[in-house]
Amino acid sequence: MNGWATFHSDLLEQSPLILMGLTKTLQLTAIISLSGLLLGIVIFYASLSRNNTLRCFINAYISFFIGMPLIVLLFLIYFGLPQWGIKLSPFQVAVFGFSLNVAAYNAAYLTSAYNGLDHAQMEAARAQGFSPRQIFKLITLPQVMRLSVPALTNQVIGNLKDSSVAFLIQYTEFFARIQELAATNFQFFKAYLLAAIVYLALVSVIVIAARLIEKRLVIPGFTS
Amino acid sequence: MALIEVRDLVKKFGDQVILNGVNLDIYEGDLKVVMGSSGSGKSTLLRCLNRLEEPTGGKIVFRGENIMAADVDVRALRQSIGFVFQQFALYRHLSVLENVTLALRKLKKLPAAEAKDKALAELERLNMASHAGKYPSQLSGGQKQRVAIARALAMDPAVVFFDEPTSALDPLMTREVADMMNRLHDEGVTMLCVTHDLKLAGQISDKVVFLDKGVVRAEASIETLSQDHADERIRAFFGREADY
Numbered sequence: 001m002n003g004w005a006t007f008h009s010d011l012l013e014q015s016p017l018i019l020m021g022l023t024k025t026l027q028l029t030a031i032i033s034l035s036g037l038l039l040g041i042v043i044f045y046a047s048l049s050r051n052n053t054l055r056c057f058i059n060a061y062i063s064f065f066i067g068m069p070l071i072v073l074l075f076l077i078y079f080g081l082p083q084w085g086i087k088l089s090p091f092q093v094a095v096f097g098f099s100l101n102v103a104a105y106n107a108a109y110l111t112s113a114y115n116g117l118d119h120a121q122m123e124a125a126r127a128q129g130f131s132p133r134q135i136f137k138l139i140t141l142p143q144v145m146r147l148s149v150p151a152l153t154n155q156v157i158g159n160l161k162d163s164s165v166a167f168l169i170q171y172t173e174f175f176a177r178i179q180e181l182a183a184t185n186f187q188f189f190k191a192y193l194l195a196a197i198v199y200l201a202l203v204s205v206i207v208i209a210a211r212l213i214e215k216r217l218v219i220p221g222f223t224s
Numbered sequence: 225m226a227l228i229e230v231r232d233l234v235k236k237f238g239d240q241v242i243l244n245g246v247n248l249d250i251y252e253g254d255l256k257v258v259m260g261s262s263g264s265g266k267s268t269l270l271r272c273l274n275r276l277e278e279p280t281g282g283k284i285v286f287r288g289e290n291i292m293a294a295d296v297d298v299r300a301l302r303q304s305i306g307f308v309f310q311q312f313a314l315y316r317h318l319s320v321l322e323n324v325t326l327a328l329r330k331l332k333k334l335p336a337a338e339a340k341d342k343a344l345a346e347l348e349r350l351n352m353a354s355h356a357g358k359y360p361s362q363l364s365g366g367q368k369q370r371v372a373i374a375r376a377l378a379m380d381p382a383v384v385f386f387d388e389p390t391s392a393l394d395p396l397m398t399r400e401v402a403d404m405m406n407r408l409h410d411e412g413v414t415m416l417c418v419t420h421d422l423k424l425a426g427q428i429s430d431k432v433v434f435l436d437k438g439v440v441r442a443e444a445s446i447e448t449l450s451q452d453h454a455d456e457r458i459r460a461f462f463g464r465e466a467d468y
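Residue numbers (this note's numbering), protein chains in the order written: chain H, 1 to 224; chain L, 225 to 468.
Next up, chain L with everything else stripped away, as it sits in the complex (with noise of 0.2 Å):
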């Protein structure tokens, strides 16, 4: 049984479709990459899964629950889920170390010195425990990001999702993260990663989803869909660069 199932998800904005109908599974230890151009619903459908957005329409399940149900208990779900923002979003007024504690007190009641031990060996899992008393401000782009990860790992989640995980990165901190998905892959972590970078996929995934107008239109090889796939702009988008 697939960790998420979704079925025909349909999310509007007022009059704009903007997931219409989409169809995907996850399966404990997938890495799995979502791939479209720019408002093909990847971040909205990202944000349906964990209820940050109300979908419309469809079914969502999530270890066997319907999580779109009038009864499920959303902050439980999204501490089940782990989410790494586009442009980080750590707390500016934490340190590094309390940036990835502060849920593990608030949220899971672990007691100070649990909570610490617990953040201290995330960050050190992505080798930031040196930074743990630093703020956001004193990182760079790519340690900012690991915090996040390590924040998110912190609360031991079924499945991790990154939105736009490299956009603000440059290309060496972009291979770095790639690494570190691939490590924490082989791990066991399950990932579900939305991007429109060519570089990145290629670097985590075999197989890619492609979502295009709010509908997946393929899943594939990268070279797959860059040559063999039958429709042309599925072919350009995917043959755009081949550096990877």
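Chain H extracted, bound-state conformation (with noise of 0.2 Å):
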């Protein structure tokens, strides 16, 4: 049992560092979720245009980002760019590398919302006289925001839990200084212990968040 005492001298010596590990780990799931959220309404709105070349690299797009897994995408960014000149941060390279992944995976539940709206709705709207980009901004978005917000949530969940990847592209977000913290006295199994707890309990905000966000925006009847 002295292998308490030692985890907890040596949690306590670390807590600052991990504290502003932890608060990376917070800051990286908050960019990432907002501006892949953003990118991902941006891929969704070029996805209906009627152009079909814009159509089929937004295809692509999607297809390309949700198939390769993250890891290589941060590596490829990380340390395959640099040969070609452009070196970026950890930080840079965990933004842009998951915004993009994690547009794609928005940009596909917004289109599959889509999918299941009653589209007479922007046929109305057309003949109202809306243009193609209010009836986006009044009609489109406002309805598949709604019916997405189960799979927007878990995203972001997602997000949260990826986000432990980056500390193998020298990112020092919460896992990496638990992996310190790990190393120091050899406690792995109460450390990462701590780890899922920490993850657990900041996951339940989320949902709590999450649950609140959907019954806020419930409307009567409106289902996909």
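Treat the hints with caution; some may be incorrect.
[Unchecked claim] Straight-line distance between alpha carbons at most 30 Å, and here's what the computed DSS-like set of lysine-lysine pairs gives: (1) K215/H / K330/L; (2) K332/L / K283/L; (3) K358/L / K340/L; (4) K137/H / K333/L; (5) K137/H / K340/L; (6) K342/L / K137/H; (7) K332/L / K342/L; (8) K330/L / K137/H; (9) K342/L / K330/L; (10) K340/L / K215/H; (11) K137/H / K358/L; (12) K283/L / K431/L; (13) K137/H / K332/L; (14) K332/L / K358/L; (15) K431/L / K236/L; (16) K87/H / K161/H; (17) K340/L / K330/L; (18) K358/L / K342/L; (19) K215/H / K358/L; (20) K437/L / K423/L.
Hint data in this document are derived by calculation from the structure and do not stem from the laboratory.
Make the complex out of the two chains shown on their own, each in a separate frame, by following the hints.
Encoded structure:
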């Protein structure tokens, strides 16, 4: 049981670094969730274009980034791009790589919700004289966003968990600090259990927030 | 002068000819009914008249202006033509009131309070003001259709198009819609209705236009078309129900 005392003392000693790592994790999660959502909306909008070439490009984008393992994408940017003279910081690589990946997933969720809509509404809006951009902003987007809340929330949870991969490109987020703690005293089980509990607590906060959002957005009879 | 003049209107989808030289006049205050079997081109005709579909040939003159000209402001044209759809097509994420105010605020740029007053007045006109706070899913088919009509009327259109307005309604609700259209007609609203519902046609109009294979074959009263018309197919089409 001496392990607990050592672990506890090391944890206290390293807590400023761990808290800093936790802040970085939350920061990265928030940024990629927001940028991934905004880019996902842009990609979804482009996917509705009448331009066949653009639609093919968007489909290829979604397939490419959903099909490619995140770690491969991050390594490609972090280790591969410097060979072409492009050197980005670990934070920049994480934001860039995650955003591309998350946007592809979010665009796919929005497209799936869009396919379930009653498209006569868009036709009615056209007949009323709305422009395609107004139809997207006033009719399409509010509906697909509502229908996609569960999928988008799951994506935020996924972003939080996946952000731990960023330690492999030297981004010292929460999991990287937990690795350091474990390496200090070889109490791997305790360190990783602590990481699991912290992630679980954070995920619970996101789930509660998502339920509140869903409740706030609920419209009678509005389902796909 | 007619409000809408349609001359030799042609619409093709690839090799398929949907409208093959339609001629039609709609005057202010008309409640004109266009009938025809499925695939006769009725809905395509309506959609061409407000450029939801691009006509292939012919001429459409609306308020003296050729609306097939390249420089026509199509969005402005659509704002002056109300359109009521078969399946109501209400915006599902908006309340009844918001469904009616949306175009008033975003297209007519009315202040929120003015748009609300105007929308409530239109809903009142159609006995739907008490449902203003409800969402489309909380309404019956007939109520949805009335909201769709209020939404169209709120823009003060020169004419309102109805595309099969009763095909999703039961006979009682069909009667309600017919009564309402008659009331609007009495108030001077110009309407063009395409339908294959003989009962509705009989309830709202003395004369109907019969469209067949993309061409206007006849324009007369239902009684004349069902009994006295030379073409047996037309007599059969209009003679199928007598209890309208």
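Cross-check of the supplied hints:
This hinted pair checks out: K215/H and K330/L have alpha carbons roughly 28 Å apart, not beyond 30 Å. As the CA atoms of K332/L and K283/L are separated by approximately 28 Å, the hinted pair is consistent with the 30 Å bound. Simply put, K358/L and K340/L have alpha-carbon atoms about 15 Å apart, close enough for the 30 Å limit, and the pair holds. The suggested pairing of K137/H with K333/L holds, with an alpha-carbon distance near 16 Å, which does not exceed 30 Å.
Distance restraint check for K137/H and K340/L: the Cα-Cα separation of roughly 21 Å lies within the 30 Å cut-off, and the hinted pair is therefore satisfied. Straight-line distance between C-alpha atoms of K342/L and K137/H comes to about 24 Å, which keeps the hinted pair within the 30 Å bound. Straight-line distance between C-alpha atoms of K332/L and K342/L comes to about 12 Å, which keeps the hinted pair within the 30 Å bound. A distance of roughly 11 Å separates the Cα atoms of K330/L and K137/H; the hinted pair therefore holds under the 30 Å criterion.
Restraint check: the Cα-Cα separation between K342/L and K330/L comes to about 14 Å, which is no more than 30 Å; the hinted pair holds. The hinted pair formed by K340/L and K215/H meets the criterion: a straight-line CA distance of about 26 Å does not exceed 30 Å. Of the supplied pair hints, the one linking K137/H and K358/L holds, its CA atoms being roughly 22 Å apart against a limit of 30 Å. A distance of roughly 24 Å separates the Cα atoms of K283/L and K431/L; the hinted pair therefore holds under the 30 Å criterion.
With a CA separation close to 17 Å, the supplied pair K137/H and K332/L stays within the 30 Å bound. For the given pair, K332/L sits about 24 Å from K358/L by alpha-carbon distance, which is consistent with the 30 Å threshold. For the proposed pair K431/L and K236/L, the alpha carbon gap of about 28 Å is at most 30 Å, so the pair holds. The hinted pair formed by K87/H and K161/H meets the criterion: a straight-line CA distance of about 26 Å does not exceed 30 Å.
With a C-alpha separation of about 13 Å, the suggested pairing of K340/L with K330/L holds against the 30 Å cut-off. Restraint check for K358/L and K342/L: the C-alpha separation of about 18 Å stays at or below 30 Å, so the hint holds. Distance hint between K215/H and K358/L is fulfilled; the C-alpha atoms sit about 17 Å from each other, no more than 30 Å. Between K437/L and K423/L, the direct Cα distance comes to roughly 22 Å. Compliance with the 30 Å bound is thereby established for this hinted pair.
The structure agrees with every numbered hint stated previously.
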